[in-house]
Each structure stands twice: as C-alpha cells, then as structure tokens.
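Asks: Chain A is already provided as a structure; the job is to place chain B on it using the hints.
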Amino acid sequence: MDGPQTDIFIYNTFMTKTLKATQLTRRFGPNTAVNNVSFDLSKGEVLGFLGPNGAGKSTTMRMLTGNLAPTEGQVEICGINIIEDPKLAKAKIGYLPEMRPLYKEFKVNEFLRIAAKLHNVPNKKINESIDTAMEKCGLTHMRDRLIENLSNGYQQRVGIAQAIIHNPEIVILDEPTVGLDPIQIREIRKLIKDIGKEHSVILSTHILPEVEIVCDRVQIIDRGNLVFHGSIEDLKQQRRGNKLLVGMKKPPTLKKLQTLFDVVKLEKQDDLLQIIQFKSNDIDVEAFIKASIKEKWGLFQISPHITSLEDTFVQLTNQ
Amino acid sequence: MNMIFNIAMKEIKSFFVTPMGWIIIALITAAFGWNYFIGVNNYFEVMSGAIRPAERVGVTIYVGQTVYGSASFLMLFAVPLLSMRLISEERRQQTLPFLFSAPISIIEIVLGKFFGLFAFLAIMVLYIFVMLSTLNIWADIDFGYLIANTFGLFLLVGSFAAIGIYFSSLTSQPIIAAILSFIFAVTLFILERYFASQPNHWFSYISLMKHFQTFSRGVISSKDIIYFMLFISTFLVLTIRRLDADRLRG
Chain A
1250 MDGPQTDIFI YNTFMTKTLK ATQLTRRFGP NTAVNNVSFD LSKGEVLGFL
1300 GPNGAGKSTT MRMLTGNLAP TEGQVEICGI NIIEDPKLAK AKIGYLPEMR
1350 PLYKEFKVNE FLRIAAKLHN VPNKKINESI DTAMEKCGLT HMRDRLIENL
1400 SNGYQQRVGI AQAIIHNPEI VILDEPTVGL DPIQIREIRK LIKDIGKEHS
1450 VILSTHILPE VEIVCDRVQI IDRGNLVFHG SIEDLKQQRR GNKLLVGMKK
1500 PPTLKKLQTL FDVVKLEKQD DLLQIIQFKS NDIDVEAFIK ASIKEKWGLF
1550 QISPHITSLE DTFVQLTNQ
Chain B
681 MNMIFNIAMK EIKSFFVTPM GWIIIALITA AFGWNYFIGV NNYFEVMSGA
731 IRPAERVGVT IYVGQTVYGS ASFLMLFAVP LLSMRLISEE RRQQTLPFLF
781 SAPISIIEIV LGKFFGLFAF LAIMVLYIFV MLSTLNIWAD IDFGYLIANT
831 FGLFLLVGSF AAIGIYFSSL TSQPIIAAIL SFIFAVTLFI LERYFASQPN
881 HWFSYISLMK HFQTFSRGVI SSKDIIYFML FISTFLVLTI RRLDADRLRG
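In order, the protein sequence lines correspond to chains A and B. Using this note's numbering, you'd call the opening residue of the first sequence number 1250 and step up by one each time. Using this note's numbering, you'd call the opening residue of the second sequence number 681 and step up by one each time.
Hints are computed from structural coordinates only; laboratory data are not their basis. A hint or two may mislead.
[What the hints assert, rightly or not] Some chain A residues flagged as far from chain B (calculated, every beta-carbon gap over 12 Å): (1) N1284; (2) N1401; (3) D1465; (4) K1504; (5) K1517; (6) E1535.
[Said to hold, decoys possible] Computed beta-carbon distance windows for the label pairs: (7) A:Q1518 - B:R929: 31 to 39 Å; (8) A:L1337 - B:I817: 50 to 58 Å; (9) B:R929 - A:D1511: 21 to 29 Å; (10) B:P699 - A:T1281: 46 to 54 Å; (11) A:P1301 - B:S785: 17 to 25 Å; (12) B:F685 - A:E1354: 17 to 25 Å; (13) B:A799 - A:S1480: 49 to 57 Å; (14) A:N1280 - B:I859: 27 to 35 Å; (15) A:E1384 - B:T867: 23 to 31 Å; (16) B:L806 - A:I1456: 27 to 35 Å; (17) A:N1330 - B:Y885: 30 to 38 Å; (18) B:A799 - A:D1483: 55 to 63 Å; (19) A:D1443 - B:S813: 53 to 61 Å.
Fair warning: this is a prediction, and the values are worked out from it, not measured in the lab. Ideal placement from N, C-alpha and C gives every residue a C-beta, glycine not left out.
Just chain A, same shape as in the assembly (with noise of 0.2 Å):
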C-alpha cells in the first residue's frame, strides 16, 4: 500500500486532527476579510470562533466548508485537500450557515431525507439516519408537519438535523442561536454539547458567554486576524489578570504602595473599594495582606478583580 490512499488511512488511524486551516486568507477586491489564519481542529473537540460583527467568521465558515474559494491558503478535512478533492472533504462535513438553507415548502421528514440522500447516506440507512437526527434534535413529533409553520427554535434545529444527518467528522455551526429566545437558546446549546461528544464541533458566535458554556477551546478573529488562540482556561487567565481588588478603611496613596510593591495604577471602584494594578500577573497577595496589617490599611475585603468577559474581548480585538 502506497500513495495518498496510505497516507489517509495513516491520518485517519494516528493521528486525530479532524480539520486543519493553513494561512487562510480571503480577499474581496481590495478588502481582505480573513487575513492568514491557521488553526487546527482534534477530535471530540468544541472549538468557539469568537469575533465582533464583520470579523470575518462567517467566510471563514464558507471556506472550511467549501463555499468559497479561499484567495490563499489550505483547507485539510480528516487529511483530505478540500480544494483538491472536494466531493470526498466535504462528505465529513456538516455545515448550518448563518441563515438556514431550508426547503420550507417540505415536510421536516422529506427535507432530511432530501439532505440524506444529497451526502451519501447509503439508501437503506436513510430511514434510519433521519430517525436519529430527529431525535437528536427533539424533532420526532414534529416530523410531517410543514418546515414553514414551525417556529423559530425548530427551524433551527431541522437546521442542526441536516447538518448532522450523515454522522459526518466536522459539524460547523455558524451563529446557531441568533434570534432565538432563552429557552430555546439553553436546549440548542446542550443539543450542541451532546453533538460535540461525536464530532469535532466549529462554533461561531459574538455571545461571549456561549463560548464559556459550550466550548474546550476558544479563537478570537477581529479584522480578519486570530487574535487570540486557546484553552477556555487561558480565556479565563486572561481576564483574572494582574489587579486586585480591594477594600480598605485608611487607603495607602499609590506612591506609599509603589514603594513596597510593583504597582502601576491605583483606581477607585466607589467610595469603599480600590482597584490596585499590579505589574506582573502573579501577584503575592499574602506580602500584600501582610504589609496591610503592618501599615494598619484597615483591610477588609480582597479578591482578584476578575476582568468581564467583554472586557477582555475589547482588550483582545483593540489590539
């Protein structure tokens, strides 16, 4: 056995990279709205694609799934050159865009089992793949009424139902809960979680918060360029970072705190408590809670001054 047919087999067997972008970059005319990304994705894995409106997350997502053309750049699916082989890359993907592509003049049953058949699924596992969709997606008692009437939150999951209906490698999501209400938000963000146990999931969302709750790993793109790349646990390091804040009865001035510690600003939150920035992220809070009792500060509230998570997101896309 020798040649790409090795190789993919070798991939898929060893190594457990579902996805792989290499220096994506897309302009539009003069416009560049994705700018040299790279990112890979493992299996099992909930990867967030963060970014403020117009960052370029959506022609990402066209790119990933082959929508687009990308101006520069490769696009790897389970080993499988998108752009090269696009039948074979795109059977492993399943791909909800931002507006969803639904044949609302079908019933939901016949509109899945028009998505089975349009990506492969063998014809007699068809019936079997629609029911399992449906249910995934709490669709089972909605299955012959017309796609048009549902609501809202149901359209989105036939939605999430065509893009999972033929158990593909990659789920790629693009803004799944926009303009749902909050219940409905809850059940398709567990419905994403269940998803993710299976397959690699791409997520992409300005919700911050969504990003927390649903994701292992999180990519902030602003102005077409990852600006940020990590665990959610670096998420959340970041926006601990470097201040603390404090509550104290006779407050110290900043030059007084400059002369013990690496300090750089000293700001008041309101009339009780300080916002004391230090130099470093690690900050020895026991020196510091030590030198108050020396000093007589009247200390009687410490915590870290945990950085919103919008804040670090201006933070990350202002930079």
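Replies: What follows is chain B alone, placed relative to chain A:
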C-alpha cells in the same frame, strides 16, 4: 450520476408540493385538449367541404399541426414560469449553501436541476403524444410524423429550459428570471420571422423556430438535433460558470 438523479427528484418534488406545478399542468393540458378538439372538429368541416382532393391532408398532419403549433407557443409561456424558481429561489432563500456544502459538484447540481425540469415538461410532451395517438382508434395515423414532432418538441422545451435555468442563476428575483428568459426565448424563437426575406442571414440560422420547423414537417434531421444539443449545452455551461463564480468571487 446518482446525485444528478437525486437533485432532479428534489426539483420534481418541489414542483408538486406547491400549486404552481399542478396549475401549469392543468392549464397546459386543458389548452392542448382544446386545440385537439378544435383540430378534429375542423378537419371534417374543411376536408368534407370545397377543398380539392389534391390539397387534402391526412388527419395526423392536420390535427398535429394545430396541436404542435400551439404547443411550441404555449411552452414559451409555461417554461419560464416553471424554470424561474430553479436557482433564483435558492438565492432568495439562501439555500444554495445546502447544495454547495453537500458532496455534489456544481455540474451535478445544474444538470440535476435541468433534468428535473425536463422530466416535468416531458409529462406534457408525452401527454400530447398519447392524446394524438388516440386518433388511431378510428383512423390509420402516421406515427412517424408524431414521433418526429414529439422529438422536436422535446428538444425545443429542453432549449427553453436551458435558457430559463441560466437566467434563473443570474438573479435572486424569480419573476425577473421569468421575464428575462421569456423575452430571450421569444426573441430567439421568432427571430426567423423578421428575417424571412433573407433566409440565409445568420440571424435566421440561430432562430429556434427555423430548426423546430424541420421536425414539425416530420423530418428528424441530425443537423437540427446538433443545433439543439449545442444550444442546450451552451446555456448549461453558462449556468455552471455562473454558479462557480459564486464560489470564486463570493
């Protein structure tokens, strides 16, 4: 191949889940039936009357001309109405990514849609054939003439369908697609009339009507078959290129 069939089935289904498909079939077949009825009625009046025996024509040709003459004209209206939604509706509803992200090539998408529409139109073309064949119950009709006409009509509606699918790929407004393909098809269809005085002008060579006329005389000529095949493939290739540009240009 299998995928072309799957897409074609999807299109046929969607003709029948909306009233459009049923209404057009009903109207068109009713119109054919009416023409057939008039043809048969008139045949007796005309042929039993003052006409000289040398100028008399057979019942197949007489009724056939009435029905096929009107069929080519009616299809000119029917096909744009059926073809308008093929791609423009997908653009409007933003469902094209569904097809583009499935493991199907753009060629298969376009061919599937074309053959889906063609199969739907074939129902009507075959309906005419069966209807005219019933003349055989009481007369000995010329099946060769019917087959040539059916063949010609197949090629003609195929050409209309190819025009329709191309204009449908250009816009996201089905009604604009319908109007454009209607105007374009009518122009090509009747071009020959305007150049009747110069039968060798190249304009009259590209007219659909000129090539259809061979078939309506009962002649199956390879020259005209090639013309229609080229015509259909040209517009299908243009459609494929248009959809491919979506992926490339975004």
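Asks: All the hints need checking, so say for each whether the structure fits it.
Replies: Comparing the hints with the structure gives:
| no. | hint | result |
| --- | --- | --- |
| 1 | N1284 | holds (15 Å) |
| 2 | N1401 | holds (15 Å) |
| 3 | D1465 | holds (24 Å) |
| 4 | K1504 | holds (57 Å) |
| 5 | K1517 | holds (50 Å) |
| 6 | E1535 | holds (55 Å) |
| 7 | A:Q1518 - B:R929: 31 to 39 Å | violated (52 Å) |
| 8 | A:L1337 - B:I817: 50 to 58 Å | holds (56 Å) |
| 9 | B:R929 - A:D1511: 21 to 29 Å | violated (54 Å) |
| 10 | B:P699 - A:T1281: 46 to 54 Å | holds (47 Å) |
| 11 | A:P1301 - B:S785: 17 to 25 Å | violated (35 Å) |
| 12 | B:F685 - A:E1354: 17 to 25 Å | holds (20 Å) |
| 13 | B:A799 - A:S1480: 49 to 57 Å | holds (53 Å) |
| 14 | A:N1280 - B:I859: 27 to 35 Å | holds (34 Å) |
| 15 | A:E1384 - B:T867: 23 to 31 Å | violated (54 Å) |
| 16 | B:L806 - A:I1456: 27 to 35 Å | violated (55 Å) |
| 17 | A:N1330 - B:Y885: 30 to 38 Å | violated (46 Å) |
| 18 | B:A799 - A:D1483: 55 to 63 Å | holds (56 Å) |
| 19 | A:D1443 - B:S813: 53 to 61 Å | holds (59 Å) |
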